[in-house]
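**Student:** Residue numbers (the working numbering), protein chains in the order written: chain A, 283 to 749; chain B, 14 to 134.
Wrong hints could be hidden among the right ones.
[Said to hold, decoys possible] Label-pair restraints from in silico Cβ distances:
| id | chain 1 | residue 1 | chain 2 | residue 2 | range |
| --- | --- | --- | --- | --- | --- |
| 1 | B | 98 | A | 738 | 38 to 48 Å |
| 2 | B | 57 | A | 693 | 19 to 29 Å |
| 3 | B | 98 | A | 484 | 18 to 28 Å |
| 4 | B | 57 | A | 332 | 42 to 52 Å |
| 5 | B | 112 | A | 498 | 40 to 50 Å |
| 6 | B | 49 | A | 351 | 42 to 52 Å |
| 7 | B | 127 | A | 307 | 35 to 45 Å |
| 8 | B | 44 | A | 544 | 44 to 54 Å |
| 9 | B | 98 | A | 283 | 39 to 49 Å |
| 10 | B | 45 | A | 498 | 17 to 27 Å |
| 11 | B | 93 | A | 682 | 22 to 32 Å |
These are calculated hints, taken from the structure and not from any lab test.
Virtual Cβ for every residue (Gly too), placed ideally from N, Cα, C.
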Amino acid sequence: MPENFFILFKQELWLVAIIFFLLIIKLKTKQPAVTTLLNRINVLLLLNLISGFFFNEEGRLFGKMFVTNHLYVFEKNILNLAALLISLQSTKWLENHKHIIEFYVLLLSSLLGMFLMISAANLLMLYVGLELSTIPLAAAANFDLHKKISGEGAMKLIISSAFSSTILLLGISFLYGCTGTLDFSVINNLLQQQPLHIAAFLLFFVGLLFKVSAVPFHLWTADVYEGSPVAITSFLSVASKAAAMFAILNVLNKMVQPLFITWHTVLIWVALATIIIGNLFAIRQQNLKRLLAFSSVSQVGFMLLAASANSAVSNASIIYFILIYVFSNLAVFGVISLVSAALQKETITEYQSFYTNNKFLSWCLCIGFFSLAGVPPTAGFFGKLFLLMSAAQGITFVILTIAALNMVISMYYYLRVVKTVFAKNENIGMEKIAIPVYNKIALLICVIGILLTGVLSGAYSYIISLQ
Amino acid sequence: MIELLFHITAFKSLPLGEVGGALTHIIILSTALFFIGMYGLFTRRNMITMLMSIELMLNSVNINFVAFNKYLYPDKMDGIFFSIFIIAIAAAEAAVAIAIIINLYRTHKSIDVDDVTDLKQ
C-alpha cells in the first residue's frame with residue numbers, strides 16, 4: 283500500500299464511511315427522529331463534497347487498476363454535488379417514507395460505483411464499477427413498492443442493463459483475446475485496424491452507449507424515468523448519465539486511439555440519430571418526467587457529437603456542459619419533485635397557471651428550461667456553443683447545421699412548458715406549495731449555478747487547465 | 014468446414030498458432046451459447062426465463078475468458094479472474110432482479126412481461 287493511499291482514495295473512502303455509518307444507525311434498536319437523521323446525512327454529504335476540493339494528488343493504486351488525477355477529482359466533485367443537491371431536494375418526499383437509510387445506502391453505493399468507473403484504468407475495474415453503479419439504482423427505482431409503474435420501471439431497468447452488460451462483456455472478452463491484457467494503455471498499444479479488433483470494440487462500446495441511452499439503445503429510458511420516484515429519476519438522468527459519459531471519454535482517449543477512424547464515424551451517426559429521435563419523441567410527451575427523459579437523450583447526443591472530435595478542447599467542453607447540465611436539470615427536477623411530493627401532479631397540463639400561486643418555483647422552472655434549451659443569458663447557451671464549436675473540428679457543416687437546427691426544435695417543447703406555467707387562467711391554477719428550507723437552498727444553488735457558470739469564464743478555463 | 018469458416022472470417026487475426034483447432038471449437042460453443050441466450054431473451058415472455066437467458070449469455074462470456082486464458086495467454090491469470098468476477102456480479106444482479114420480479118408478482122399477480130404494460134403509450 284503506498285503512503286498516500288488515504289489521499290488518493292479519499293473520495294471513495296468517504297462514501298464507504300458514510301455507508302457504514304448509515305448501516306450502523308440502521309442496526310441500532312433506537313432510531314433517531316426523521317428530521318435529525320436527514321440533517322445528519324445532509325451534513326455528511328456536504329463534508330464529502332468539501333473534502334474533494336483539498337489535498338488532491340495524482341497517482342495509481344491497486345496495481346495500476348485505479349488512476350486518479352485532478353481532472354477525475356473534479357468529475358467526482360460534480361457527481362458529489364449532484365448527489366448533495368438531489369438529497370436536499372428529496373427531503374420532503376423522504377420525510378413520509380419509512381426506508382430513508384436504505385434509500386441513501388443504495389444511492390451512495392451507486393455513487394461509489396461511478397467513482398470507480400471514472401477512475402478505472404483497467405477493464406475489470408470498469409466493469410465492476412459499471413455494475414456497482416447500475417444494480418443499486420435498479421433496486422432504488424422500485425422504491426415506491428406499492429406502485430405498479432415503479433415495479434415495471436425497475437424491471438425494465440434491470441433486464442436492459444443486464445443485457446447491455448452481457449454485450450459489453452462479450453466485447454471485453456474478445457478484446458482480451460486479441461491483446462492478452464486488460465490494461466487500457468497496453469490495449470491502446472496493441473490494437474490495430476483489423477476486423478476482429480473493430481468488432482470487439484464495437485460490442486464493448488454498445489454496452490457503454492446503453493448506459494448513456496444513446497439511440498438506438500434508448501428505449502428503456504422513458505419508461506424507467508416515468509416509473510421511478512422523482513429523486514431516483516433525477517439521479518438517473520444527471521449522475522448516472524454524467525458518470526457513463528466520463529467513462530466513455532476516458533475509454534475513447536486512453537484505450538482505443540488506434541481505432542479512431544472507426545469510432546469517429548460511429549459516434550457521428552449515433553449522435554445525429556440520438557439528437558433527432560430524442561427531440562422528435564420529446565415533442566409529443568405529456569408527462570414531464572417523460573419529456574425530460576427524451577430531452578436528456580437529445581442532450582447526450584450533443585455530447586457524443588463533441589466526443590467525436592477527440593481533442594482536449596472537446597473533452598473540456600463536454601465536462602463543462604455536464605456541469606451546466608447538472609445545474610439546469612436539477613433546477614427543473616427540484617420543482618417537479620416538490621410538486622410531485624405535495625400534490626402527485628406530473629403532467630404538463632396540470633401545471634396550467636402554476637405562476638399565479640408559486641412565483642419562486644415558476645422562475646426556477648423557467649430558468650432551468652431556458653438553460654436546457656440554450657437561451658443566451660443562461661449557462662446552457664455557452665455549454666451548447668462550446669460543444670458545437672469543438673465538434674466542428676472533425677465534422678462537415680451539413681452535420682453541424684442539422685445539430686444546430688435541432689436546438690431550434692428543442693426550443694419548442696421546452697418553452698411550451700414555460701408557456702403553460704406562465705399563461706394566465708383565472709379558474710384553474712395549482713394551490714400554493716410550501717417550500718422547505720433544504721429545497722429552497724438546493725434550488726437557489728442551481729439557479730445561481732446556471733446564471734454564473736455561463737457568465738464567469740473561469741469554470742471552462744479551469745477545466746482546460748486540469749488536462 | 015468449421016475450420017474453413019474461421020479462416021475466411023475475422024477470427025483469423027487471433028494469435029492462434031498450434032492450439033487453433035481446440036480454441037476454434039470452444040469459441041464456436043460460446044458464440045452459439047451467447048446467441049441461444051439472446052434468442053431466449055427476445056422470445057420468452059416469462060421474466061424468470063428471461064433472467065435465465067441472461068445467465069446463459071454471461072456464462073458463454075465466461076467460457077470465452079477461460080479458453081482465451083488457457084490457450085493463448087497461459088502465463089497470466091487475467092481471464093480466469095475476470096470470469097470469477099462475472100460469476101459474483103451475476104449472482105448480485107440475479108438477486109436484485111428476482112427481488113424486483115417478486116414485487117412485480119405482488120402488484121400485478123403475474124410474471125409475464127405482456128401483462129406488465131402500464132407505461133406503454
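**Student:** Which earlier hints can't be squared with this structure?
**Tutor:** 2, 5, 8, 9, 11
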